[in-house]
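A.B. asks: Take the two lone chains and join them into the complex the hints point to.
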Amino acid sequence: MIRYVLRRLLGLVPVLGVILALAFTLMRLAPGGPFDQDRAVHPTVKAQLEAKYQLDKPLPVQFLAVMGSYLQGDLGPSYRYPGRSVNEFIAAGFPVSLQLGLVALSFALLFGLLAGIAGAVWQNRWPDHSAMGLALLGISVPNFILGPILILIFSLSLALLPAARWDGPSHMILPGATLGLVYAAYVARLTRGGLLEVIRQDFVRTARAKGLPERLVLFRHTLRAGLLPVVTFLGPAMAGLFTGSLVVEKIFNIPGMGPYFVDAALNRDYTLALGVVLVDAAFLLLANLVVDVAYAMIDPRVKYA
Amino acid sequence: MGWRLLLIAGALLASCTCARSDPEAYFGSARRMHPPGTLFFNNGAEPQSLDPGLVWDSAGNELVRELFEGLTRYEPRTLAPEPGIAERWEVSPDGLTWTFHLRDAVWSDGRPVTATDFTYAWTRVLDPLTGAQYANMLWVVRNGEAFTRGKLRDPAQLGIRARGPKTLEVRLEYPAPWFLELTAYSPFFPLRRDVVERHGEAWTRPEHIVTNGAFRLRSWRLRYEIELEKNPTYWDAQDVALQRVVAMAIDDSRTALRLYQTGTLDWLGANGRVPPESEPFVRGFRDYRTALRLGTYFLWLQTQKPPLDDVRVRRALNMAIDKEAIATRVLKAGQVPLTHLVPDALLRETTGYVSPKGDGFDPDQARALLAEAGFPGGKGFPVLHYQYNTDEAHRQVGEAIQSMWREHLGIRVQLYNMEYKVHLDRMQAGDFQIARGGWWADYQDPSSFLEQLRPGSAQNHARWDSAGYGQALERGLRAVDPSERNRHYAEAEAHLVREVPLIPLYVYSYSDFVKPWVEGIHPNNRHLHPIRAIRVVGSP
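Protein chains in written order, with my numbering: chain V, 4 to 308; chain S, 7 to 546.
Bound-form chain S, shown alone (with noise of 0.2 Å):
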């Protein structure tokens, strides 16, 4: 109940003081506040860690890529990989053994960065002892799995190996063509062993912290600010422009917005979000940015249990959500609807994949659907349970969904609004019949959607079980050739939409607000903007 007011009293607010909403107008101050060369922007959260290896909240890895450099880094307009700490590198024919040349790039106390600094940290992140929530992420490197599950204990049998001070030798599970955007990420940033040990846990605060990204840490407040500055021992200093950036851990959208209208933010943050209500209010200004984003927005359907096992049922269901209608006329920022898991637009340019098209909306043959497994009109269908975790738009989607099912099936469903760790607890322990799902992609490919539903994985929520789609998943994963492995998920994500273990409503979108000084921020699909190529300039 004090939510909701909450959100009628933020409504109100955002109307009256965006009313005059002038396509040339910007939103709140356009006089910059900070001096030269700093940045303040919105980082939502207080980092969970700064530790590479542990870091696993967006917040954290916001930050952590910034102080820490990889094989690899993003291209802020693409995010393709370009060299980083690697100056080059080759593969072998059968894409397995990844040879890197690293460059004379230097850490913050002057040490060179060296390919010992990887094996150490890699091994530690795989290294179950370590309790690194994102191990699994490394487990395409040879015997990684074995190692995390205790099932092999020598790290040398690990598939990684320095070959001498400048040269590191990878050997993968299976040729994973995205391995270059892998090595740009958190858990694949190299260590420095000595300063590890050293100081324990309190190895990341800013007095002990050694770092080879393009800032160093000058200061952290707990759950407040984080401040960076400039590293100039980073091996492409004059590329960065700004000296100084502040990271504020503000986890009110409302409050951000409103510090960003006074000008003290100076970006609302890859981790800030704009007010879903404030929204109609603020599109119009000409600082307000909007993208697609490479994540799908689902339901998972548990397909063990009556009535959703049957097939038929899980198809009535999809085929009787108006999606055009959840995305254009329910949440109103940007959506586009799907029909099937993957957003093949989004990944068409770097992968060529196609997603095979799933079912539209078609009431009658849903109807039909729902006759042929035993309840024409919707009679004696059980009332289904429906939960989502605690969120304005999910209630709302929820809602929709409800409405339209007992409209065009006559089935009715119960909605559950559950806290967020309930919500996980239940889905994991496949205590549920629908529950709100959603999924963003790790890196481009079409992969890092369809590994999820693989058959045992911890992540299949539905607990689906199809032999077709694991075989096909697993023929993609070896498949060297980039045409042959499209084909191969297509074939997978063909499964998946034909027997609709989850129903794919769209693909999500973000918001951001750039002030008209800041340049560097490209849109694009991850919302993920390197702030090492982030400039600011003189005033309009």
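With the rest of the complex left out, here is chain V (with noise of 0.2 Å):
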């Protein structure tokens, strides 16, 4: 199993290695530069300002430059914000984006969760129909939809939450919701539909015929099995929610990554661009490894070498 890992870690890094690569020949085949804007700049301050940055040097050199500072955990200086670094910016968004990531997979997972186990245990009876209903609407509603309704009624209406910003747990609520319940509704409809496949399946009905309460069947035999598809789903989302939202950070003017990416790609801003891909990425490739073995220590039938 350690082994595994290890191998999978090691893999990793090509990996990286070609979507850096990826993302940086297509960044800069864009046109435009950092530097220009409105009022043209004096070319020779321009040609200052490149060289400063090395941009004037031949593309390979470039990127090499980059993996080369890479490999000592130095992001390079931001373009756009002169005297911040990359280093700078991810350290102060990452975490706030990893706490509101938090607490909207706990949103996801409660309400997920509960909804689609009551699903599969009452299917086809109320509670059944009213949770895939709710969970329906939950996917269909995207969150810059969702996010301002939510505002309208908790905060412009009956002003128990604030609208926006990011001053301490009340502020993570309506954020954490927004974000939340469009991968509580995937929860819920993958939770009952892994369930309602396991049910029916030998090793419960053994279960059953031994005599075990229906709770114990519930918990201890047919969840474990019937998560599976749950879990799969999570590793990804999880990713996704850590890094950041782009539409639910900028609704609620929350200062996390989610926003990084596209401003940065916007300003040409290359290397705070290139450091959230970084981030990202490596995210998600991770997020998968988790996932695999996740796999091997809930289902007993999966099995590294």
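To be clear, the hints were calculated from the coordinates, so they are not data collected in a lab.
Since we're looking at a predicted model, the values are computed, not measured.
It is possible that part of the hints are untrue.
[Claimed, not checked] In silico DSSO-like links for lysine-lysine, alpha-carbon gap of 27 Å or less: (1) S:K427 / V:K49; (2) S:K157 / V:K55; (3) V:K49 / V:K60; (4) S:K427 / V:K60.
[As the list claims (entries may be wrong)] Simulated DEER-style distance windows between Cβ atoms: (5) S:A331 / V:L105: 50 to 58 Å; (6) S:Q402 / V:N90: 39 to 47 Å; (7) S:R83 / V:Q75: 51 to 59 Å; (8) V:S160 / S:T296: 23 to 31 Å; (9) S:R418 / V:H132: 51 to 59 Å; (10) V:P63 / S:G156: 24 to 32 Å; (11) S:Q244 / V:P46: 43 to 51 Å; (12) S:D100 / V:P63: 49 to 57 Å; (13) S:R109 / V:L29: 49 to 57 Å.
We put the CB at the ideal spot given by N, CA and C, even for glycine.
C.D. replies: Written out as structure tokens, the structure reads:
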């Protein structure tokens, strides 16, 4: 098992390299540069800026230089914010996005699992219909609609929760719900589906035949196997949740990592954009690894040599 | 698609929250949330920098102006320059040599502000190694341009000299009557050489920065908020009412409006804006403010490429646009249509400048001109490409013009929505036909608008090369007598309205919200409101 994980981790390095090379190339293909603005900057000044950040060197040389400093843990200086490093931006934004992601994940699991289990246990009865109806609604309403609606109800009308900002636990509820409810809907549908498939299998019938109470059948046998699809979904979903959401962080003015990538790409802040790609990609790859390991732990049928 | 939905949703929300538009009512909470002496406002974005020499975005300038002070500062109502660090000054009869006498002002660490703080700061901005994007603002100083271009290496040749610790002598390239406005602007602020050199690029962090303005930097949370506190060592500290100012970096205008509504924000801020789709619902409230801005929205025409190299075609396009309809029926936020580049009505009081009138809306004449150019009824006219950067309002203006040209001239236009940097890149390369443009003046003078079309200027996206224009501009620049200057500038602008390298559309306006307990934010044509003059009074 440990050897398997180590082998997978080693395999991540070339994958990351390829992702970074692609991102780097695509960014440089886009017209315009970091120092272009409304008021034309004088060519001497622009040349000076480009020399300062080594943007005047051939692209492959620049890429190798970037990779070299990455190996030393230095993600480079931001071009748009002189005197600020990409490390600083990520250190400021990542913990915030992680917090928001955890709150959202809690929402997703709490509501998703409850609704999914209710749907499977009372299949085709009213709890099932209402839970799945809500889940369908959750999947169909995008968060840029849900967020303002929640703000309208809970902040502007009822004045219960803050409309935006990030200054304590009360500020986490609305954005956490906005971000988490869509995931809750998926979790609910996957849980229900997974459980229903397992519930008809022989080992569950055996458990019942042994005379186990229904509660134990559900929690000890059915859930463990039935949750595999949810785990599969949660891996990449967690990577997405923890690295920030552009829309939710903008709507609620949360200083997380969500808007970094789009803003950096629009500003041609190459180093910041590439730094975010690195973090996002590393997270996604790791999350997938965690999912594979979790399989082995949950499902006795899965084994890694 | 997603963003359009978002707009619709925003409009729906705005309509349900603001249905009670009563002229006596305030928008949202009229209860003060924050302690006395504090102001919370939206600064619109994370400032690029708080280094006066490097900053060029509006979010940064807004704060740098409060942290530092130049020779002059803006009078809050009229924005006329008034004595700042300079107590008084003299100017030579030819308008070229200025002598500033500094007052006994000190930095936030107690050291005196001296003339060498100015010579150091100005030389640093002009030095090409600094990479200051606003270096050309200082080219008004003798030899400034040559120094930035690297043609001249000795800073002693620059027209800046400290004649003693409290006397600064500045020699200019040309008499610039607006020079005292420039000295109230970030690149002209003094700097402490020892602080900059000791801390390098990190000198603007709260723990290192030393300032000489009305406020000090207390804390800086990246992409979230910056906190200023009153600077007790400021020379005019007795007139600064606010003890604490929090500038939030909220880039979503709908979020900012909601925070204003719930009372978190006291002021929407000069860099905030009312979301266009909310405009109709919020206009009636008592705390809504609107005013014209010293800026023009126009279309660049690439004059080097056919068919726009023909002045008759350019004039026809201009005359076939009903600008009144664009201002009053498409945008509906107080914009005023224009037939010339300079919004002269806003400059009349300060400069007395009057623009020559350009062609008005005249579809018949437009058709005649197009026929004369060889395209009767638009026949044989190629499809025109019209590009704009992503923005709902730019799209609406583009679509309105597209349909006007089709209706009045019988020509077809293809609209191209572009990301901002791509839009800029195309314009700078001259690789376009028609491009949305706009210009906000840096100072109250027609030249701030007219200089951008100077032949050979990198800003002249039209690539319009008119010798008459360039000469008139040059004469205006050298003239000392105000009425003579105005005459030369009017002559230059007459070339412009005759040859139409750009089609002026309207004067910008701005909308703002200010809570009833905030005083000292006066409407003005640059939407510039010194925070040192703002005070917060008891709830209504």
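A.B. asks: With reference to the structure, classify each hint as holding or not holding.
C.D. replies: Results for each hint:
1. S:K427 / V:K49: Holds, because 15 Å separates the two Cα atoms, which is no more than 27 Å.
2. S:K157 / V:K55: With a Cα-Cα distance of about 20 Å, the restraint between K157 of chain S and K55 of chain V holds, given a limit of 27 Å.
3. V:K49 / V:K60: Answer holds: K49 of chain V to K60 of chain V is near 14 Å, not above 27 Å.
4. S:K427 / V:K60: Holds, at about 21 Å.
5. S:A331 / V:L105: 50 to 58 Å: Since A331 of chain S and L105 of chain V have Cβ atoms about 53 Å apart, the given range 50 to 58 Å holds.
6. S:Q402 / V:N90: 39 to 47 Å: holds, 42 Å
7. S:R83 / V:Q75: 51 to 59 Å: holds, 54 Å
8. V:S160 / S:T296: 23 to 31 Å: holds, 28 Å
9. S:R418 / V:H132: 51 to 59 Å: holds, 54 Å
10. V:P63 / S:G156: 24 to 32 Å: At roughly 29 Å between Cβ atoms, G156 of chain S and P63 of chain V fall inside 24 to 32 Å, so the hint holds.
11. S:Q244 / V:P46: 43 to 51 Å: Given a distance of about 47 Å, which is inside 43 to 51 Å, the answer is holds.
12. S:D100 / V:P63: 49 to 57 Å: holds, 56 Å
13. S:R109 / V:L29: 49 to 57 Å: Hint holds: Cβ distance 55 Å, inside 49 to 57 Å.
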